[in-house]
Amino acid sequence: MDRLTIERIGGFAGFGGSRLKSRGEVSLSDLAPADRDAVERLLADLPGSAAAQGGAAPRTGAADAFSYRLTVQSPDGPKTVEAPEHLVPSAVRDSVRDTLD
Amino acid sequence: MTYSCCLVPRDVLARLSSDPSLSATSRKAFLDTIQISHEMRDLRVQATRMTSVAFAHATALTALALAPSVTIYDCKGTQSLPGTPVPNPGKAADPAAKRVFGTTSEVAEFFAKVFGRNSIDGEGMTLMSSVHFGQRYNNAMWNGLQMIYGDGDGQIFVDFTAGTDVIAHELTHGVTQHSLQLDYSDEPGGLNESMSDCFGSMFRQWKLKQDVTQADWLIGADILGPAAKAKGFTCLRDMADPAGRHCLSPQPTLYAQVRPGMDPHAASGPPNLAFCTAAKTLGGKSWDQVGQIWYAALTGWGARPKTGMKDFAARTRQLAQTMYPGAPPVAAAVDAGWRKVGL
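Taken in sequence, the protein lines are chains H and X.
Going left to right, the first sequence walks through residues 1 to 101 as the working numbering numbers them.
Going left to right, the second sequence walks through residues 1 to 343 as the working numbering numbers them.
I should point out that these hints are in silico values taken from the structure, not numbers from a laboratory.
Mixed in with the good hints, there may be bad ones.
Beyond 12 Å from chain X on every Cβ pair, some chain H residues (computed) [stated by the list, open to error]: (1) ARG3; (2) ILE6; (3) SER27; (4) SER29; (5) ALA44; (6) THR71; (7) VAL72; (8) GLN73; (9) PRO75; (10) ASP76; (11) GLY77; (12) PRO78; (13) LYS79; (14) HIS86.
Okay, derived cross-link-like pairs now, DSS-like style, lysine-lysine, Cα gap no bigger than 30 Å in a straight line [said to hold, decoys possible]: (15) LYS209/X x LYS340/X; (16) LYS310/X x LYS340/X; (17) LYS98/X x LYS285/X; (18) LYS229/X x LYS21/H; (19) LYS231/X x LYS21/H; (20) LYS21/H x LYS76/X; (21) LYS285/X x LYS209/X; (22) LYS306/X x LYS340/X; (23) LYS76/X x LYS91/X.
So these bits of chain H aren't anywhere near chain X, every CB distance computed over 10 Å [unchecked claim]: (24) THR5; (25) GLU7; (26) ARG23; (27) GLY24; (28) LEU28; (29) GLU40; (30) SER74; (31) THR80.
Glycine included, each C-beta is placed from N, C-alpha and C at the ideal position.
Make the full structure from the sequences, and use the hints.
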């Protein structure tokens, strides 16, 4: 439940395809309280959450922006949400590493 | 407008607003700023919606300028937009700022001379770009108001301003926003991306004075870094061979392979191949006839955000006949392009 896995997708290059990946992992307990709150809001269907603000959809009119696929393990299995970059805390954004597969 | 807005990341503001080492006054100021930032974001969304309304009703407006101004800002490694203004960017010591200024000006000239369009909105809109966005940031994007360029990580990608097709690609997202207004998901999203690749490639060919046989039809060839090249990749996408092994981001080649929810950068493969095939079948310069048809389909049809690939193919087939009634090879070439991808 504490482990947050992150995949950055999209962008001009189309990250998340078969050859270009951007992945990271953080412990929720290692995040600053404000960042942890922000992630928990993204994962929950609460007012202000990613889902409430359009889910994975980028800002209206935006193109080539990154989105982040955030996954935590819960008692019911893995829970995944996709959030536009501007809603993801920088500590989470900065955890990803771009790689060639 | 929101051009003067400098957006501090929300998480930074949230952290500061709950930092016990700061005074209550300061914490409240940061909390207030979060609210202001939220309202500013709403304003940006509203600005985009305004595009739709203005597009539909503002035919009597006069142009802002006969040719667009080009402004460059430097984010200096932050994600704070737009950054600080770069004075006299055409003579800037910073190569990225100078390059973006020069290429953006050339893209504006391309749209004006080849398609008779005055800037992104057709009304002389100022073309605003920010360079050095973020740290080792592997991306370039259009945020609804301006272009944004990262420096790349120096391994997989180099500076995203190094690609003339990249800059034209981002500017074309602005043109799409001010014309067909395609959504950014599913088939409209794939078409949206394809428009940017088509006009990005056309601009590169126009700048290099290449005909369709001389063109390489590659997207992102100039921004690949040493790690990507060492693995044999020569581009992000290849409009002539979307599934090629040399593509860092391979794409489907057939319309039947496009799936709901697919990344627009993947779904753009079939329409990219259709455009490339049509242009190569006809021969000559891509922007002379096939490019004109694609431009008319993009800009002369009103706002149709839900346009699918079948609709767009039908529209270009129709335009080929009405725009070039005395030249049957044009319509045949467009038809060959779409047939190649199963449409």
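**OP:** Could you check that no beta carbon of chain X comes within 12 Å of the beta carbon of ALA44/H?
**Re:** 16 Å, holds
Original post:
Quick one, are LYS306/X and LYS340/X close enough, alpha carbons at most 30 Å?
Top reply: Measuring from Cα to Cα gives roughly 23 Å; hence the hint holds.
Original post:
Going by Cβ atoms, does SER74/H stay more than 10 Å from chain X at every point?
Top reply: 23 Å, holds
**OP:** Verify the proposed pairing of LYS98/X with LYS285/X, using a straight-line Cα cut of 30 Å.
**Re:** 29 Å, holds
**OP:** Compare the distance between the alpha carbons of LYS231/X and LYS21/H with 30 Å, and conclude whether the hinted pair is satisfied.
**Re:** Given that 30 Å is the threshold and the Cα spacing comes to 15 Å, the pair holds.
Original post:
Is it correct that the beta-carbon of VAL72/H has no partner in chain X closer than or equal to 12 Å?
Top reply: Holds: least Cβ distance 18 Å, greater than 12 Å.
Subject >> Holds or violated: LYS209/X to LYS340/X, with C-alpha atoms at most 30 Å apart >> reply: OK: LYS209/X and LYS340/X at ~27 Å, within 30 Å.
**OP:** With a cut-off of 30 Å on the C-alpha distance, tell me whether LYS310/X and LYS340/X pass.
**Re:** 13 Å, holds
**OP:** Please confirm whether SER29/H is truly not at the interface, meaning its C-beta sits more than 12 Å away from all C-beta atoms of chain X.
**Re:** About 16 Å separates SER29/H from the closest Cβ of chain X, which puts it past 12 Å; holds.
**OP:** Would you check whether the claim that GLN73/H is not at the interface survives, using Cβ distances to chain X and the 12 Å cut-off?
**Re:** 23 Å, holds
**OP:** Beyond 10 Å from every chain X Cβ: check whether that's true for THR80/H.
**Re:** 13 Å, holds
Original post:
Against chain X, does GLU7/H keep a CB gap of more than 10 Å to every residue?
Top reply: Holds, because the least Cβ-Cβ distance between GLU7/H and chain X comes to about 12 Å, which exceeds 10 Å.
When each numbered hint is compared with the structure, a violation occurs for hint 14 only.
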